[in-house]
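A.B. asks: These are the residues of each chain, in order.
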Amino acid sequence: MTADRSDSPDMTALADVILRACAAVGNTQSALLPLLHAVQHETGYIDDAAVPLIASALNISRAEVHGVVTFYHDFRRNPAGRHVVKLCRAESCQARGGAAVETVAVSRLGVGMGKTRGDGAVTLEAVYCLGLCAIGPNALVDGRPVARLDAAAIDRIAKSVNA
Amino acid sequence: MTRVFISQDMASIALGVDAVAQAFRDAGCDVVRTGSRGLFRIEPMVEIEDGDRRIGYGPVGPQDVAAILSGSHPNRLGNVADLAFFASQQRFTFARCGVVDPLSDADYAAHGGWRGLEKALGLDRQDVVDCVKASGLRGRGGAGFPTGIKWQTVLGAPGSEKFIVCNADEGDSGTFADRMLMEGDPFCLIEGMAIAAHAVAASHGYIYVRSEYPFAIETMRKAIELAAGRIAPFTLEVREGAGAYVCGEETALLDSIEGKRGQVRAKPPLPALEGLFGKPTVINNVLSLAAVPFILDKGPEAYASVGFGRSRGTMPVQLAGNVRNGGLYEIGFGITLGALVNDIGGGTNSGRPVRAVQVGGPLGAYFPPSMFHLPFDYEAFAEAGGLIGHAGITVFDDSVDMAHMARFAMEFCSVESCGKCTPCRIGSTRGVEVIDRIIAWRGGRQGAGVALPHGLGAALYSRSPERMQSDAAAQTALLRDLCDTMKFGSLCALGGFTPYPVLSALDYFPEDFGAVAAAAEVVEPVR
Ligand SMILES: Cc1cc2nc3c(=O)[nH]c(=O)nc-3n(C[C@H](O)[C@H](O)[C@H](O)COP(=O)(O)O)c2cc1C
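Chains as they are written, first to last, in our numbering: chain F, 1 to 163; chain X, 1 to 527.
In case anyone wonders, no lab produced these hints; they're calculated from the structure. Certain hints may be false.
[To be verified] Reference excerpt, derived from the structure (chain X facing chain F, CB under 8 Å, subset only):
1. Phe176
2. Arg221
3. Arg239
[As the list claims (entries may be wrong)] If you anchor each label on the Cβ, the simulated ranges turn out as follows:
4. X/Ser70 with F/Asp155: 29 to 39 Å
5. X/Ala84 with F/Arg144: 28 to 38 Å
6. F/Met113 with X/Glu258: 30 to 40 Å
7. X/His404 with F/Lys159: 53 to 63 Å
8. F/Lys159 with X/Glu258: 39 to 49 Å
9. F/Arg144 with X/Pro74: 27 to 37 Å
10. F/Leu19 with X/Thr153: 38 to 48 Å
11. F/Ala49 with X/Ala134: 50 to 60 Å
12. X/Arg3 with F/Ala13: 42 to 52 Å
13. X/Ala66 with F/Leu19: 33 to 43 Å
14. F/Leu19 with X/Gly385: 28 to 38 Å
15. F/Met11 with X/Arg125: 25 to 35 Å
16. F/Gly143 with X/Ala339: 50 to 60 Å
17. X/Pro375 with F/Leu19: 56 to 66 Å
Note that this is a predicted model, so its numbers are computed, not measured. C-beta atoms are modelled at their ideal positions from N, C-alpha and C, and glycine is treated no differently.
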């Protein structure tokens, strides 16, 4: 079953993803962010094994790629849970009870902020503003925006995550 | 067939509007998806076409279709444009947002679109720059730098390759105008960028949109495709950010487009002279660029005739946080902060008293209601120790703990610092620690035990005597000193302006820092 293990990615598939992405976004250094987005979109995260492949595709150093992957909050170096809940922590959501909603989310989802639950069902993480600042507290649930969060809304999210 | 207008703004979608739109389609209506009008209390809203009028109903759900179509629904709002919240605005930039189909070129043209570009193309480059100068338009991204002067520098810069970059990173909490415009009237931004390109002789442009705005990214990409013929030979592309607040800072943004870590560059050189890929570059906020089609079309005087002091034209103000009438309100400069929060905003949503408002995002000051006389004006806010920034106003009721908000400002800075300069990178972390000590001391005085947060006790061992004392007065003096270092020692406004929310919280709400009894002992910082 070794081939299925997430810590040993299929290098041929990864190289193929990078090749196809480069065809769309180009192969200069300026294409690095679009390329990383494309790789993460396809494979769920940026495996360390992708770094040298990306570096040689764009003709830049591995250090430069590593530096960029680790600088931006969006890029993951490990797979996320099957569901991703991004909870806004910025001021406007705080003004509307965001902290209390965060406490409820941590307990009902059974996972700490910035963590993936043991069973891999859900990742809960902070986001700083979704631009929905008059209708908070807000979250992105698998990319879908949800506003006016309260305990009942968190329960619905928890239910869909556990389903 | 009944025509129904329904927003597909991300906020409307977050409130469940998609199910409403589907229900109307199922009922056989011709549903036109628009941007949002900008008053979220009445959303999800639907507008039924009635001759020249659009009769609004909101908030409504998918179960309300029959009652709405028969006109009997209790949440009937009347003609939407006549609602006081909308009728009292001066919509120069947002005139079409919420009205048109964002991706209909015909709609855009029918509502005055492309006329500004047409006029610009008939003018010399210098005349276009002069027109923007005469309008008095200042950068809406925060710093308020005159847009025409920036363009002049780029026009005068030597070089055959120049760029137009639109800053759509909109990371400030309490702001969403850029997002609403890109989702609701993307051609307006494209037209503004094409005018800028003509003015400075640029051939290619980038719109750098934060990744938290997937709907804006999608809409902009489609709109660029549709408008390609209109703006040729100028070309445009969208660049998606990757969750770094500091990439809103213009030089960090340029590095990010170049495929690097989003770190702030030292200035000079100005981006206008050596910007993207080292070439002369106009970098402007979405709202600055989107104001330009109006200015070219209606003339600079029409724009400049509205405003206050050196703040000319209108500002799309964003009412956010704990406010009853949250949303977008475009109005000429000069309206007071109190009028915006209380009269337009209707006070808090919770019904409790307003205690503080933060103006200008996470780097903006907190003001108490005693400052509500301030006119919305760059200079007036600067004089009062704050900033307008991107014109987001975040309202808090009396349940807010301002020491906690000050701590958050420092924490946010430490999370988002690009790491290039020490005052920002290290200072923000030390700031969190100092405020933690103040909060612990405050808790101790209130009988909750004086135990310091783990590990902070050790940080007190130091040569300077104030640092040996964990009481609020000593720690407050230390905090002021630290803010001073950040303010004057940081490379950009992330570290440099984080002291605004911290110090304003401290100055206006000292009681939250345990300072009631200790106030007299506060040591004045060395200035
Ligand atoms: C930390 C930081 C974040 C910023 N974020 C933004 C932003 O999200 N959008 C923006 O337009 N300007 C932002 N700015 C201001 C830009 O550096 C720059 O002043 C602006 O893009 C210039 O455009 P304007 O003249 O049209 O305002 C930010 C500045 C700093 C220091």
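A.B. asks: What are the numbers of the hints the structure violates, in ascending order?
C.D. replies: Violated hints: 2, 7, 13, 14, 15 and 16; rest satisfied.
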